[in-house]
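Student: Kindly produce the complete structure, drawing on both the sequences and the hints.
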Amino acid sequence: MRIIFPVIGLLVLSAGLTAAQEPAENRSDPLFHGPEVAEAGDLANSTFVGGLGIVVLEPVIGEEGNVESVKLIRSTPGLESWAVSAVKAWKFRPAMINGKPSRSRTTVVAVFNRGYNVPPAISLPPLAEHQGDEDRQKNEDDANLPDFSPALPTDVVIPEYPIMSVLTTTVVLRVELESTGEIHSVSPLRDVAAFSPRAVAAVKEWEFSPATSKGQPAPSKLTVAVFFAPAPSNLD
Numbered sequence: 243m244r245i246i247f248p249v250i251g252l253l254v255l256s257a258g259l260t261a262a263q264e265p266a267e268n269r270s271d272p273l274f275h276g277p278e279v280a281e282a283g284d285l286a287n288s289t290f291v292g293g294l295g296i297v298v299l300e301p302v303i304g305e306e307g308n309v310e311s312v313k314l315i316r317s318t319p320g321l322e323s324w325a326v327s328a329v330k331a332w333k334f335r336p337a338m339i340n341g342k343p344s345r346s347r348t349t350v351v352a353v354f355n356r357g358y359n360v361p362p363a364i365s366l367p368p369l370a371e372h373q374g375d376e377d378r379q380k381n382e383d384d385a386n387l388p389d390f391s392p393a394l395p396t397d398v399v400i401p402e403y404p405i406m407s408v409l410t411t412t413v414v415l416r417v418e419l420e421s422t423g424e425i426h427s428v429s430p431l432r433d434v435a436a437f438s439p440r441a442v443a444a445v446k447e448w449e450f451s452p453a454t455s456k457g458q459p460a461p462s463k464l465t466v467a468v469f470f471a472p473a474p475s476n477l478d
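Note that my numbering has the sequence shown beginning at 243, numbered continuously upward.
There may be inaccurate statements among the hints.
The list that follows gives simulated cross-link-like pairs (lysine-lysine, DSBU-like), each with its CA atoms no further than 35 Å apart [to be verified]:
id	residue 1	residue 2
1	Lys446	Lys456
2	Lys456	Lys333
3	Lys313	Lys446
4	Lys342	Lys313
5	Lys333	Lys446
6	Lys330	Lys456
7	Lys313	Lys333
8	Lys342	Lys446
9	Lys456	Lys313
10	Lys342	Lys456
11	Lys330	Lys342
12	Lys313	Lys330
13	Lys330	Lys446
Computed spacing ranges between beta-carbons, pair by pair [to be verified]:
id	residue 1	residue 2	range
14	Asn287	Ile405	21 to 31 Å
15	Pro343	Pro474	42 to 52 Å
16	Thr289	Lys456	39 to 49 Å
17	Val291	Lys456	37 to 47 Å
18	Asn340	Glu281	19 to 29 Å
19	Gly457	Val291	39 to 49 Å
20	Pro404	Lys456	14 to 24 Å
21	Asn386	Glu281	18 to 28 Å
22	Leu387	Lys330	13 to 23 Å
23	Gly293	Pro343	37 to 47 Å
24	Gly293	Asp389	37 to 47 Å
25	Asp389	Glu306	14 to 24 Å
26	Asn386	Ser407	44 to 54 Å
Quick caveat, the hints were computed from the structure, so don't treat them as lab data. Yeah, the Cβ is synthetic: ideal placement off N, Cα and C, and Gly gets one too.
Tutor: And the structure:
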């Protein structure tokens with residue numbers, strides 16, 4: 243299932259923010275606004291047989307909001323194909339520079355939890371050793387991207403799967419970060435009752451390295467998508 247996030251609702255919400263509540267990115271540099279998810283499908287489906295894991299991706303978003311390429315940063319083995327395939331089909335609102343659409347990088351973190359009511363502590367998987375052919379072909383185009391490096395997670399907590407649930411779903415969150423990498427806010431873009439509060443609570447415990455703009459730490463936003471599926475025994 244694919245969810246389209248309305249533009250009007252987001253604009254109304256932003257207009258009503260106080261200075262303290264305003265997204266950190268907007269308060270720092272009103273001339274640059276990073277891309278945001280506009281339409282997102284599930285990370286996986288009922289055929290998913292994995293367990294617990296993390297995939298960190300860096301997609302390049304075009305001026306029309308399409309995903310031009312996806313760079314794999316980190317991945318629990320076996321999960322990268324699910325995450326990359328899903329994110330390639332997403333639609334974004336493009337980054338804006340001086341009010342004009344611009345190509346830009348962003349970070350998408352995909353979390354997978356198949357039936358863990360009390361997830362064990364998990365470390366981030368190692369950095370990917372190489373890029374795919376598609377990413378190599380895009381390297382020449384990197385000169386046309388803004389001098390902006392997205393924030394990345396350095397420590398994560400896996401959201402728990404609700405006890406007694408049998409639902410398979412994906413929650414999508416927007417995470418706003420300060421220039422220090424500290425979390426400014428975590429809010430659902432794709433809200434699923436009983437699952438979203440668990441996802442938000444877990445992500446609020448994460449730690450991040452900050453984004454940089456022209457070599458300096460900068461406020462930013464990124465996307466976290468959490469795939470929840472019941473354990474096989476729950477389906478019997």
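Student: Taking the Cβ atom of Asp389 and the Cβ atom of Glu306, is their distance within the range 14 to 24 Å?
Tutor: holds, 22 Å
Student: Holds or violated: Lys342 with Lys446, Cα cutoff 35 Å?
Tutor: At roughly 32 Å apart (the allowed maximum being 35 Å), Lys446 and Lys342 satisfy the hint.
Student: Next pair to validate is Lys446 with Lys456; report whether the Cα-Cα distance is within 35 Å.
Tutor: Answer holds: Lys446 to Lys456 is near 27 Å, not above 35 Å.
Student: Against the range 19 to 29 Å, how does the distance between the Cβ atoms of Asn340 and Glu281 compare: consistent or not?
Tutor: With Cβ atoms ~25 Å apart, the hint holds.
Student: Going straight from one Cα to the other, do Lys342 and Lys313 come out at no more than 35 Å?
Tutor: Holds: Lys342 and Lys313 sit about 25 Å apart, inside 35 Å.
Student: Lying within 42 to 52 Å: is that true of the beta-carbon distance Pro343 to Pro474?
Tutor: Since the Cβ atoms of Pro343 and Pro474 sit about 45 Å apart, the hinted range of 42 to 52 Å holds.
Student: With a cut-off of 35 Å on the C-alpha distance, tell me whether Lys342 and Lys456 pass.
Tutor: holds, 19 Å
Student: Quickly compare the C-alpha distance for Lys333 and Lys446 to 35 Å and report which way the hint goes.
Tutor: With a Cα-Cα distance of about 25 Å, the restraint between Lys333 and Lys446 holds, given a limit of 35 Å.
Student: Holds or violated: the 39 to 49 Å window for the beta-carbon distance between Gly457 and Val291?
Tutor: holds, 43 Å
Student: Run the distance test for Lys313 versus Lys333: straight-line Cα separation, threshold 35 Å.
Tutor: The given pair, whose Cα atoms are some 17 Å apart, holds under the 35 Å limit.
Student: Given a hint of 37 to 47 Å, does the C-beta separation of Val291 and Lys456 actually sit inside it?
Tutor: For Lys456 against Val291, whose Cβ atoms are near 44 Å apart, the range 37 to 47 Å holds.
Student: Is the distance from the Cβ of Asn287 to the Cβ of Ile405 consistent with 21 to 31 Å?
Tutor: holds, 22 Å
Consistency with the previously given hints fails for number 20 only.
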